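Sequential numbering of the sequence shown, starting at 78, is according to our numbering.
It is worth saying that the hints were derived from the structure and are not from the lab. A few of these clues could be false.
[Stated by the list, open to error] Cross-link-like lysine to any residue pairs, in silico, SDA-like; alpha carbons within 25 angstroms at most:
{"no.": "1", "residue 1": "Lys207", "residue 2": "Glu196"}
{"no.": "2", "residue 1": "Lys207", "residue 2": "Glu179"}
{"no.": "3", "residue 1": "Lys124", "residue 2": "Asn86"}
{"no.": "4", "residue 1": "Lys217", "residue 2": "Ala192"}
{"no.": "5", "residue 1": "Lys207", "residue 2": "Trp175"}
{"no.": "6", "residue 1": "Lys207", "residue 2": "Thr129"}
{"no.": "7", "residue 1": "Lys124", "residue 2": "Trp175"}
{"no.": "8", "residue 1": "Lys124", "residue 2": "Asp171"}
{"no.": "9", "residue 1": "Lys217", "residue 2": "Ala125"}
{"no.": "10", "residue 1": "Lys124", "residue 2": "Ile165"}
{"no.": "11", "residue 1": "Lys217", "residue 2": "Pro204"}
{"no.": "12", "residue 1": "Lys217", "residue 2": "Asp159"}
{"no.": "13", "residue 1": "Lys207", "residue 2": "Val89"}
{"no.": "14", "residue 1": "Lys124", "residue 2": "Arg87"}
{"no.": "15", "residue 1": "Lys124", "residue 2": "Asp93"}
{"no.": "16", "residue 1": "Lys124", "residue 2": "Val89"}
{"no.": "17", "residue 1": "Lys207", "residue 2": "Tyr139"}
{"no.": "18", "residue 1": "Lys124", "residue 2": "Glu179"}
{"no.": "19", "residue 1": "Lys217", "residue 2": "Asp112"}
{"no.": "20", "residue 1": "Lys207", "residue 2": "Asp112"}
{"no.": "21", "residue 1": "Lys207", "residue 2": "Val91"}
{"no.": "22", "residue 1": "Lys217", "residue 2": "Gly147"}
Just so you know, these numbers come straight off a predicted model, no measurement behind them.
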Amino acid sequence: MAQPALAQNRVVEVSDATCRIEVGNGAKALLMRADTDGSAIIGLMFKAAVDTPGREREGYFYMRLDFSTGGPVTYRDGFAGDYAQGYIADMSVDDLAWMLSETPGRFSYAVGGTAQRIEADTSEDIPEFKAFRTCVEGLKG
């Protein structure tokens, strides 16, 4: 099976209150955000609506060739920016930091099998991900 194209366009926002990275590839993007209150999200975001707000599905996160995890995700809208809606996984900053530490170079997020999927290069030589990781580490509990 062919590998999905890696998302390339990266935007990172780092402050004392929030760490945020968005990695897009046209119609969809990977969103990761961590806040000082200890909450974090990972989102598979879209420019155009693909589902009904509030719908729950199962999300799958692939962090290494031999490791993945999954859990419930909820489709939400109303986010700022080009990618205003998507499947959101809620978690803690500590959980997000752990997921990032288990991601040596590629991170993939899929909802509903492979129909809705995005893959991003998260290696240490990507300056935006290095800045994001450092910010998230600073917010850990």
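Checked hints:
The hinted pair formed by lysine 207 and glutamate 196 meets the criterion: a straight-line CA distance of about 17 angstroms does not exceed 25 angstroms. Taking the CA atoms of lysine 207 and glutamate 179, the gap is about 14 angstroms. The hint holds against a cut of 25 angstroms. The straight-line distance between the Cα atoms of lysine 124 and asparagine 86 is roughly 14 angstroms, inside the 25 angstroms bound, and the hint therefore holds. About 33 angstroms separates the Cα atoms of lysine 217 and alanine 192, which puts this hinted pair outside 25 angstroms; it is violated.
The suggested pairing of lysine 207 with tryptophan 175 holds, with an alpha-carbon distance near 15 angstroms, which does not exceed 25 angstroms. Of the supplied pair hints, the one linking lysine 207 and threonine 129 is violated, its CA atoms being roughly 34 angstroms apart against a limit of 25 angstroms. Between lysine 124 and tryptophan 175 the alpha-carbon distance is near 28 angstroms, which puts this suggested pair outside the 25 angstroms criterion. Under the criterion of a C-alpha separation no larger than 25 angstroms, the hint pairing lysine 124 with aspartate 171 is inconsistent with the structure, at around 29 angstroms.
Between the alpha carbons of lysine 217 and alanine 125 the distance comes to roughly 33 angstroms, so the proposed pair goes past 25 angstroms and is violated. Distance restraint check for lysine 124 and isoleucine 165: the Cα-Cα separation of roughly 15 angstroms lies within the 25 angstroms cut-off, and the hinted pair is therefore satisfied. Among the hinted pairs, lysine 217 with proline 204 is consistent with the structure: their alpha-carbon atoms are about 20 angstroms apart, no more than 25 angstroms. Restraint check for lysine 217 and aspartate 159: the C-alpha separation of about 28 angstroms exceeds 25 angstroms, so the hint is violated.
Among the hinted pairs, lysine 207 with valine 89 is consistent with the structure: their alpha-carbon atoms are about 10 angstroms apart, no more than 25 angstroms. Distance check on the hinted pair: lysine 124 and arginine 87 sit about 15 angstroms apart at the alpha-carbon level, within 25 angstroms; holds. Note on lysine 124 and aspartate 93: the hinted pairing is violated, with a Cα-Cα distance of about 28 angstroms set against a maximum of 25 angstroms. Between lysine 124 and valine 89 the CA atoms are separated by roughly 18 angstroms; this keeps the pair inside 25 angstroms, and the hint holds.
The hinted pair formed by lysine 207 and tyrosine 139 meets the criterion: a straight-line CA distance of about 19 angstroms does not exceed 25 angstroms. Restraint check for lysine 124 and glutamate 179: not satisfied, since their Cα atoms lie roughly 28 angstroms apart, outside the 25 angstroms limit. Distance hint between lysine 217 and aspartate 112 is fulfilled; the C-alpha atoms sit about 10 angstroms from each other, no more than 25 angstroms. Of the pairs offered as hints, the one joining lysine 207 and aspartate 112 holds, with about 17 angstroms between alpha carbons and a cut-off of 25 angstroms not exceeded.
Straight-line distance between C-alpha atoms of lysine 207 and valine 91 comes to about 11 angstroms, which keeps the hinted pair within the 25 angstroms bound. For the hint linking lysine 217 to glycine 147, the alpha-carbon distance of about 22 angstroms falls within 25 angstroms, and the restraint holds.
Going through the hint list in order, the structure does not satisfy hints 4, 6, 7, 8, 9, 12, 15, 18.
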